[in-house]
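Visitor: One letter stands for each residue in the lines below.
Protein chains: 2
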Amino acid sequence: MQEEAMEDLVADVFARACTSRPVLENVAGKWGILALAALSGDTYRFNALRRRVDGISEKMLAQTLQALERDGLVRRDVRATIPPRVEYSLTEVGKRIAAKLLELIELVEDAMPAVREAQSAYDGGR
Amino acid sequence: MQEEAMEDLVADVFARACTSRPVLENVAGKWGILALAALSGDTYRFNALRRRVDGISEKMLAQTLQALERDGLVRRDVRATIPPRVEYSLTEVGKRIAAKLLELIELVEDAMPAVREAQSAYDGGR
Chain A
1073 MQEEAMEDLV ADVFARACTS RPVLENVAGK WGILALAALS GDTYRFNALR RRVDGISEKM
1133 LAQTLQALER DGLVRRDVRA TIPPRVEYSL TEVGKRIAAK LLELIELVED AMPAVREAQS
1193 AYDGGR
Chain B
1073 MQEEAMEDLV ADVFARACTS RPVLENVAGK WGILALAALS GDTYRFNALR RRVDGISEKM
1133 LAQTLQALER DGLVRRDVRA TIPPRVEYSL TEVGKRIAAK LLELIELVED AMPAVREAQS
1193 AYDGGR
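Residue numbers (our numbering), protein chains in the order written: chain A, 1073 to 1198; chain B, 1073 to 1198.
Where hints are given, some of them may not hold.
Identical copies look the same in the list; a pair holds intra-copy or inter-copy alike.
[To be verified] Calculated cross-link-like contacts (lysine-lysine; reagent style DSS-like; alpha-carbon spacing at most 25 Å): (1) Lys1102 with Lys1131; (2) Lys1167 with Lys1131; (3) Lys1102 with Lys1167.
These are calculated hints, taken from the structure and not from any lab test. All figures in this text were calculated on a predicted structure; none of them were measured in a lab.
Can you build the whole structure from these sequences, using the hints too?
Guide: Pasting the structure below:
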């Protein structure tokens, strides 16, 4: 990424009214990030996804999936079986963003020893 | 990234009690992501950073910076000038994570035409 292009970009998302901000929040928010990361590995039915994303409430998962579906990142397919089967998967755009989120998660995981050390120093020095 | 390594990783952050989860939330949360992205370009004093991250309250910026400082991603330097000058910058770990966040922001910006189209279709079809 060119330095100049980066400046333009950063200027955009920093603006309060920028339309990309709420999308970034859906994607990078506490539950959005985990739902997208889970769906990058597999297609899920609602309850299976809820078990995968440990700690999420039914209501919060429904809201998260709805926001991501509206943004065109998650696809909701209703299979005409008896009873009907609802499956969630990623769109092409969703896959690209989920792959980047996995890189971010990996980076944070790798940084955890340094982070824990910093936290101890910070808490000890107060 | 190997498929297997990815599985391990995902399994970790998905666990409710995983220590990396709150760090991921600090980093990828609404304000953390913008503060880190801003600091990846420059060192900032508090008020200048607040102007840069349009819409953030004083209290929320203070909390965001404190959490990121505790995680060892942001450094707070007090310069012994009169009056003292407090400057915020990224640590090495913070720089690596901020660079990844900029990649994510760029991806979301690039996806915005597709996202807007999906939003219109979703809202129109309801």
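Visitor: With identical chains, the pair Lys1102 and Lys1167 could be close in the same copy or across copies; at 25 Å between alpha carbons, which is it: within, between, both, or neither?
Guide: both (18 Å within a copy, 21 Å between copies)
Visitor: Using 25 Å as the alpha-carbon threshold, which applies to Lys1167 and Lys1131: within, between, both, or neither?
Guide: Answer is within; shortest intra-copy Cα gap is 24 Å, inter-copy 36 Å.
Visitor: State whether the alpha carbon distance between Lys1102 and Lys1131 is at most 25 Å within one copy, between copies, both, or neither.
Guide: both (14 Å within a copy, 21 Å between copies)
The structure meets every hint from the earlier list without exception.
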